[in-house]
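Student: Just so you know, the protein sequences line up as chains V and E, in that order. According to the UniProt record's numbering, the first sequence is numbered sequentially starting from 1. According to the UniProt record's numbering, the second sequence is numbered sequentially starting from 1.
For the record, the hints were derived by calculation from the structure and aren't laboratory data. Quantities reported herein were computed from a predicted structural model and do not represent experimental measurements. Wrong hints could be hidden among the right ones.
[As the list claims (entries may be wrong)] Okay, the calculated bits of chain V under chain E, using three or more residues with CB under 8 Å as the criterion:
1. 250-259
2. 312-324
3. 329-337
4. 340-347
Quick reminder that beta carbons are idealized off the backbone N, C-alpha and C, glycines included.
Protein chains: 2
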Amino acid sequence: MSSRAAARLARVAGHISASASSPSTTTSSSTSSTARRMAPTRKHKVAIIGSGNWGSAIAKILAENTTAHPHLFESEVRMWVFEEDYQLPSSHKGYDPSKHSQPRKLSSLINELHENVKYLPNIALPPNIVADPSILSAVKDASLLIFNVPHQFVSKICDQIHGHIVPYARAVSCIKGVDVSSDGISLFSDVIGRKLGIYCGALSGANIANEVAEEKFCETTIAYDPPGTLTPCPEEFPVIDHSLWKHLFHRPYFHVSMIHDVAGTSLGGALKNIIAIGAGFVDGMGWGDNAKAAIMRVGILEMRKFGLMFFDSCKSETFTEESCGVADLITSCAGGRNHKCAKLSVEQGRPIEEIEAEVLNGQKLQGTLTAMEVNEFLKARGKEKDFPLMTAVHKILIREASVEDIPHLLD
Amino acid sequence: MSSRAAARLARVAGHISASASSPSTTTSSSTSSTARRMAPTRKHKVAIIGSGNWGSAIAKILAENTTAHPHLFESEVRMWVFEEDYQLPSSHKGYDPSKHSQPRKLSSLINELHENVKYLPNIALPPNIVADPSILSAVKDASLLIFNVPHQFVSKICDQIHGHIVPYARAVSCIKGVDVSSDGISLFSDVIGRKLGIYCGALSGANIANEVAEEKFCETTIAYDPPGTLTPCPEEFPVIDHSLWKHLFHRPYFHVSMIHDVAGTSLGGALKNIIAIGAGFVDGMGWGDNAKAAIMRVGILEMRKFGLMFFDSCKSETFTEESCGVADLITSCAGGRNHKCAKLSVEQGRPIEEIEAEVLNGQKLQGTLTAMEVNEFLKARGKEKDFPLMTAVHKILIREASVEDIPHLLD
């Protein structure tokens, strides 16, 4: 056997062993054994693009794990910050009049105070997070790219960094939802992958940034299913597979489930908002927890039907079993803003737009927009009737049906 | 073809057609076409054994549907009442001092006032419900038997009516849960079927008796999967199949899903109480909706694993897709007493038994008992580790673990 073939064989063995082991129970032993078998001489460099409150919470996790798994990752996590000036409040415990009496660059405050004082205040960030206002500098040499920016910036950011990343980089998008119009549905992970000429998976789950940052227990789903046609990652690096991503994201308080269904993982985060509005309507009627549970159950099945009908790669269990499916829906129907506004709208007998304006302080409800976009998408394909709950929610929102009709519309 | 063979073929054709149609959209036409093809000359007589608040709510549904489908069912629904004396309060709108100044038999009050004044007050019952204090008279000639009694009475009631029912009768049990011990698990529907020498299916779902009685929208699951070896129902009767049961139970406000998995349908109603305690613990810690959703998601998967491991006939989707599974769990974790007591126990730092005594007014929590029984069952089979959440809940209840350990125990 050639030494090259032997190295390959050893690499496959390492891959299988790493995939089969759970990082939580066998972290250091599996990491070091993976390292030994594959004998990688280099480590992955991690960059996160985005530093809002979800971006910063994820950056904290990444930085904890690059420290926890030094055989796999370089310690430093570079975080791209959309630069802005920020005046540190004098009440801040790190406030020093000699340094902070004038507004300062947010990136320099983050690096000085190890806290994203504007978007994730009062959460200590690991010192191995380095805030970087230059997107090109932030992604330089990074083999693992995490995207966590508002979805409307994805395209422009990709244009900026295209050609400036290593060709063997792999990415994961933490951007919630999908882009729906009557023309079709596009996944943000697909946009990123296509624009950069790399592969991008997706992370989504029942996660609220602040709770994750406070290390309150929750779960998430990461879908990663790269084709075999990518620029290979050099053999000096640890293999980029499910096990590696789990080492990068899994924490004792943030449990990661790795799957292959990127479309299903992304769809849940959008479609659940329509169902949450339906659940809010029913709650507003005072029909009780069982009526609400019925709406949620029907909702899970319609979300799944949508995925299976329009994406060949979708899997049923992504919706019924994963955090990005059933759990995210449960959370959104328990305390989310879509649910809340829909409930108040029925209770007060007022249009949801009025409630939205009053309660959300200028922000827009995701669910009402998604309900309309999904309805346009379905209508263009003659499939409205296959999704009676989503269609009912839309019709109620545009005053073509009333909440009392829901049981009949689902019958 | 013999006329007997032709009749059988017509019957099979009727069966298929009836099964494929939904009663909600095609009620009268499918009923009459079923009737025409099979030319049944007799109708099913319906009896319900039990008249508590769930029994009375179900009796109301049955009586509404025997009226709605006169081709299939005799109008009268006979309801067995465990006789007792009851003093009608003078505030009752039907109170007549000449009749009600002394305690009266509950069955006669129900028949006079068309209301179960003791167990389901303020709900008008259809007049075709006839309360009957004699169990033998109640079940006489009934071909469809609905069981809705406290589970501890099942065995004795079956002994009483054995030999007094028609041999071609079929039954559905609305009794929640299963009977678990270290010896094994028995389904109440199996006990009923075996003791009576007939077949019994099971109804379970996200249902609260009072909400159903008030016609608030909800869903339920009925599992019915008879073997081919039963005493055949005479051909003069409409075929007893999924379609017939759906005609008997489905209402505009009570949506029925028919499945075959009796064990799965029954298990959900028991196991969910363990999960609801776990969700209550996490809520009590203030870990937020996402932690709770994570517990619920893990709980659904453990319930399913339990079903698939111990019952050959169990189906995955009964737990992840049906009202008796995911929806019933959602309801129990939202407002059920197991969740509530567990939450208060953590918030107040006191044993759940104390909270139970205080909050439930002498009633017992189902979940703590089921957690112990299921643990004994699992321990006897060396399977505790396969069910980390159920095992964690039990260990916390017996003070061998603390709620803080949950994320670690699930990792």
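Student: Run every hint past the structure and note whether it holds.
Tutor: Hints, verified against the model:
Under a criterion of three residues with beta carbons nearer than 8 Å to beta carbons of chain E, the stated coverage of the stretch 250-259 of chain V is upheld, 3 such residues being counted. Counting residues of the stretch 312-324 of chain V whose C-beta lies closer than 8 Å to any C-beta of chain E gives 5; at least three are required, and the coverage claim holds. Counting residues of the stretch 329-337 of chain V whose beta carbon lies closer than 8 Å to any beta carbon of chain E gives 4, which reaches the threshold of three, so the coverage claim holds. Interface restraint, the stretch 340-347 of chain V with chain E: violated (0 residues with C-beta to C-beta distance below 8 Å; minimum three).
Hint check: a violation occurs at hint 4 only; the rest are consistent with the structure.
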